[in-house]
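K.L.:
The chain contents come next:
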Amino acid sequence: MNALANPEVGKYLETYFVCAFQRVGTFRIVGKAKQGGNVATYFCAPDGRVLHAVAGPVDAATFLREAKWVVETAKKGIEAAKKDGASFKAFMRTAHAERLRNEHGLIAEAVTFDPPDPQDNDGALTYRDPSGRPLAPVLRPPPIDGPDVKFRLQLEAAAAKAAQDGAALLRDRHGRGWALNNQGRVHVLMAAHAMGQIEKLYGSVFEGILGERISTRPVEVVNPFPWVGRDAKR
Amino acid sequence: MRAYFRWSLPAVMMLGLTVPCQADAVKKPANNAVCGDYGTSVHFEKSPSDAARRALKEEKLVCVLHISGYFEDPDYT
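In the order they appear, the protein sequences are chains A and B. According to our numbering, the stretch in the first sequence is residues 818 to 1051, in order. According to our numbering, the stretch in the second sequence is residues 826 to 902, in order.
Please keep in mind that the hints were generated in silico from the structure rather than gathered at the bench. Some clues are possibly wrong.
[As the list claims (entries may be wrong)] Derived EDC-like pairs: lysine to aspartate or glutamate, alpha-carbon spacing no greater than 20 Å straight-line: (1) A:K885 <-> B:E884; (2) B:K882 <-> A:D989; (3) B:K885 <-> A:E896; (4) A:K900 <-> B:D862; (5) A:K828 <-> B:E870; (6) B:K871 <-> A:E831; (7) A:K892 <-> B:D862; (8) B:K871 <-> B:E883; (9) A:K828 <-> B:E884.
[As the list claims (entries may be wrong)] Stretch-level coverage of chain A by chain B, calculated; a stretch enters the list once three of its residues show a Cβ under 8 Å from a Cβ in chain B: (10) 820 to 830; (11) 834 to 841.
These numbers come from a predicted model, not from an experiment. For glycine and all other residues, C-beta sits at the position ideal for the given N, C-alpha and C.
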């Protein structure tokens, strides 16, 4: 990830974050070309609850903007919530819903209350590793109301940008389809599940948004032309 | 004239040798300031749980990267 080589990003992360990495997927190297593979960044509280995520590789400016947004929003949330965890969670989810509206032109209602939900890990709605072991639940996104008509120009610009970024189709509650890029889909997810544990969320980001398989298998190197170079060695 | 060269030539050569060293000495702290792990400018803890422990102690947030392949090897990331 080139963004992490940027000194300004490094300085900001060192000031406000403690960083770690985890290998959750793999890819294939066929000849010299890489097939698959991706990266997701999670900004979490020390107890593992996710405040925000960045799906896929981004440039240094975008990474810094997202990191600063987390820090500033968390500061405002702590001030507004007055040490009440439920209020802080509602504040963060509402902040994601607001960003979805302002930057992507879609209105989704933030889910500010989590009903008790006994998780069925044996059911079909679970991300699994290649051996079939349940990894993380498939998280249900909040209902999307549709476009914000007040931001028509922004919506058009966002749709054009999303088309360039490789957007995916999302259905609103009326069944209409909307193109949304990875970061927009992260905000949709976070409007309903921010402050959820990273173990619950990572499947929805890595498999649900990035379309990668969660795997602990090693990187597979495939040489489709094994005879190339063999003659040179003789 | 020969006596002049006998003293000035070694002095010029010594100056030539020391100037690059001084330039390096000035540059090094700047490089160290952004030097991180695995070709980044960020220091990574061994695991997310180590990062969480340190974050709790230092009152910081945790940044966890989920990656495909081996982060330690740029060819396999």
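K.L.:
Taking beta carbons only, do three or more residues of the segment 820 to 830 of chain A come closer than 8 Å to chain B?
P.N.:
Holds: 8 residues of the segment 820 to 830 of chain A have a Cβ under 8 Å from chain B.
K.L.:
CA of K885 (chain B) to CA of E896 (chain A), is that 20 Å or under?
P.N.:
At roughly 16 Å apart (the allowed maximum being 20 Å), E896 (chain A) and K885 (chain B) satisfy the hint.
K.L.:
Please work out if K900 (chain A) and D862 (chain B) have their alpha carbons no farther apart than 20 Å.
P.N.:
Distance of about 35 Å is beyond 20 Å: violated.
K.L.:
Mind checking the alpha carbons of K871 (chain B) and E831 (chain A) for me, to see if they're no more than 20 Å apart?
P.N.:
holds (15 Å)
K.L.:
Keeping to a limit of 20 Å between CA atoms, is the pair of K892 (chain A) and D862 (chain B) held or broken?
P.N.:
violated (28 Å)
K.L.:
Taking only the CA atoms, is the gap from K871 (chain B) to E883 (chain B) under or equal to 20 Å?
P.N.:
Cα-Cα ~17 Å, so holds.
K.L.:
Would you check the hint for K885 (chain A) and E884 (chain B), treating anything up to 20 Å between C-alpha atoms as holding?
P.N.:
holds (16 Å)
K.L.:
For the segment 834 to 841 of chain A, do three or more residues have a beta carbon lying closer than 8 Å to a beta carbon of chain B?
P.N.:
holds (count 8)
K.L.:
Please verify whether K828 (chain A) and E884 (chain B) have alpha carbons no more than 20 Å apart.
P.N.:
holds (17 Å)
K.L.:
Would the pair K882 (chain B) and D989 (chain A) pass a check requiring their Cα atoms to be no farther apart than 20 Å?
P.N.:
violated (43 Å)
K.L.:
With a cut-off of 20 Å on the C-alpha distance, tell me whether K828 (chain A) and E870 (chain B) pass.
P.N.:
Between K828 (chain A) and E870 (chain B) the Cα gap is close to 16 Å, so the pair holds against 20 Å.
Checked against the numbered hints above, the structure breaks hints 2, 4, 7 and satisfies the rest.
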